[in-house]
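Given these sequences and hints, build the entire structure.
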Amino acid sequence: MRAAQRGDMAAFEELVARHRDKIYARAYSMMRNEEEAIDLSQEAWVKGWQRLQQFQGESSFGTWMTRIVINLCLDQLRKHKRQRTESIEEMDEESGGVERQMPVVTVNPTAGLERGELRQRIDRALGQLSYEHRTVLVLHEFEELEYKEIAKVMGCSIGTVMSRLFYARRKMAALLADLKNESGK
Amino acid sequence: MMEYDDQLRLQAYLDGELPESEARRFGEQLERDPEAAALLEELRRTGECLAGFEEGVKLPETREFYWSKIQREIQRREADAAPAASAEASGLAWLRRWLLPATGVAFVALIGLLAFRGTRAASPGVVEVTQSDSGAFTYHDYSAGATLVWLSFPAEGEIGEPEDLSTLE
Numbered sequence: 001m002r003a004a005q006r007g008d009m010a011a012f013e014e015l016v017a018r019h020r021d022k023i024y025a026r027a028y029s030m031m032r033n034e035e036e037a038i039d040l041s042q043e044a045w046v047k048g049w050q051r052l053q054q055f056q057g058e059s060s061f062g063t064w065m066t067r068i069v070i071n072l073c074l075d076q077l078r079k080h081k082r083q084r085t086e087s088i089e090e091m092d093e094e095s096g097g098v099e100r101q102m103p104v105v106t107v108n109p110t111a112g113l114e115r116g117e118l119r120q121r122i123d124r125a126l127g128q129l130s131y132e133h134r135t136v137l138v139l140h141e142f143e144e145l146e147y148k149e150i151a152k153v154m155g156c157s158i159g160t161v162m163s164r165l166f167y168a169r170r171k172m173a174a175l176l177a178d179l180k181n182e183s184g185k
Numbered sequence: 001m002m003e004y005d006d007q008l009r010l011q012a013y014l015d016g017e018l019p020e021s022e023a024r025r026f027g028e029q030l031e032r033d034p035e036a037a038a039l040l041e042e043l044r045r046t047g048e049c050l051a052g053f054e055e056g057v058k059l060p061e062t063r064e065f066y067w068s069k070i071q072r073e074i075q076r077r078e079a080d081a082a083p084a085a086s087a088e089a090s091g092l093a094w095l096r097r098w099l100l101p102a103t104g105v106a107f108v109a110l111i112g113l114l115a116f117r118g119t120r121a122a123s124p125g126v127v128e129v130t131q132s133d134s135g136a137f138t139y140h141d142y143s144a145g146a147t148l149v150w151l152s153f154p155a156e157g158e159i160g161e162p163e164d165l166s167t168l169e
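Heads up: the sequence lines are chains A and B, in that order. Under the numbering used here, the residues of the first sequence are numbered 1 to 185, in order. Under the numbering used here, the residues of the second sequence are numbered 1 to 169, in order.
It is worth saying that the hints were derived from the structure and are not from the lab. No incorrect hints appear here.
With the C-beta cut set under 7 Å, the calculated list includes, among others, these residues of chain A facing chain B:
id, residue
1, Glu13
2, Ala17
3, Arg20
4, Asp21
5, Tyr24
6, Tyr28
7, Gln42
8, Trp45
9, Arg119
10, Glu141
11, Phe142
12, Tyr147
13, Phe166
14, Arg169
15, Met172
16, Ala173
No residue lacks a Cβ here, since even glycine has one placed at the ideal position from N, Cα and C.
Given below as structure tokens:
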């Protein structure tokens with residue numbers, strides 16, 4: 001790290017190699033698009049290099065880089081959002097939510113699945129969430145941020161974070177159960 | 001069916017976002033509410049499913065190819081930034097070359113001006129008295145090729161001490 005901060009690019013390349021999967025995975029979780037995730041993770045590394053002097057070690061380097069890529073993804077998602085009209089899902093959320101009406105999934109929808117198969121199902125289910133719901137879920141479940149931190153990052157109220165997270169979880173549970181039923185037919 | 005606010009409170013309980021006293025009270029209620037307990041289990045299980053999901057996501061590019069793109073972009077941006085930095089540096093050089101000497105000259109001129117004005121302020125009438133009220137006049141005899149100069153002392157208008165005046169008389 002010190003060597004990279006002194007401008008040693010070979011040392012920085014080593015840091016990239018060590019953390020590249022994690023940074024890419026976070027971008028992919030948020031963007032749901034391989035190409036965009038690669039581009040944004042690369043951009044995060046370029047910014048990381050440019051701001052390396054600012055890294056003081058309050059958090060781990062991986063966490064510091066993850067925050068950079070999350071911010072880049074949020075900017076990109078906001079651009080996407082401006083380019084499209086509101087989805088029906090978002091209207092549901094605004095009008096009180098359909099998640100409160102969903103029946104509780106009582107069986108474990110992923111029981112007995114291979115790890116790879118489980119990942120594929122989660123991947124497909126995440127892809128069916130709106131970006132607001134997915135982002136809240138990713139920031140809470142993967143980044144382990146508290147409600148108030150998510151609210152700050154996303155520029156919304158804690159109440160909105162809570163309702164989006166609740167919706168996202170319930171929707172995921174329902175989708176994973178549906179996916180299991182589909183595969184069982 | 002649970003109220004929506006209670007559902008959200010249940011989630012906050014799961015996430016450890018409720019204050020301790022409220023969490024304890026809520027935990028006691030859950031034991032008597034199977035619907036709430038079932039929902040809590042669903043939320044918990046969903047979280048468990050997601051855990052470890054990202055660990056399986058791998059960058060679909062080789063280390064060398066991925067790094068080469070990052071390195072190229074870093075170098076491109078540094079090259080773009082170099083002319084701007086160079087322009088800034090040349091601006092500073094110009095400043096050092098011209099502005100600083102000019103400032104020095106201006107400073108010296110200012111000091112000179114202030115000194116001159118200070119001198120004038122210290123003796124405002126001497127020069128004028130000397131030139132216009134000295135009482136001196138000349139006679140020039142061209143045929144003799146001589147010039148006579150009369151000086152009255154003390155000069156008219158000059159403030160002298162009374163004893164000096166009497167001595168001259």
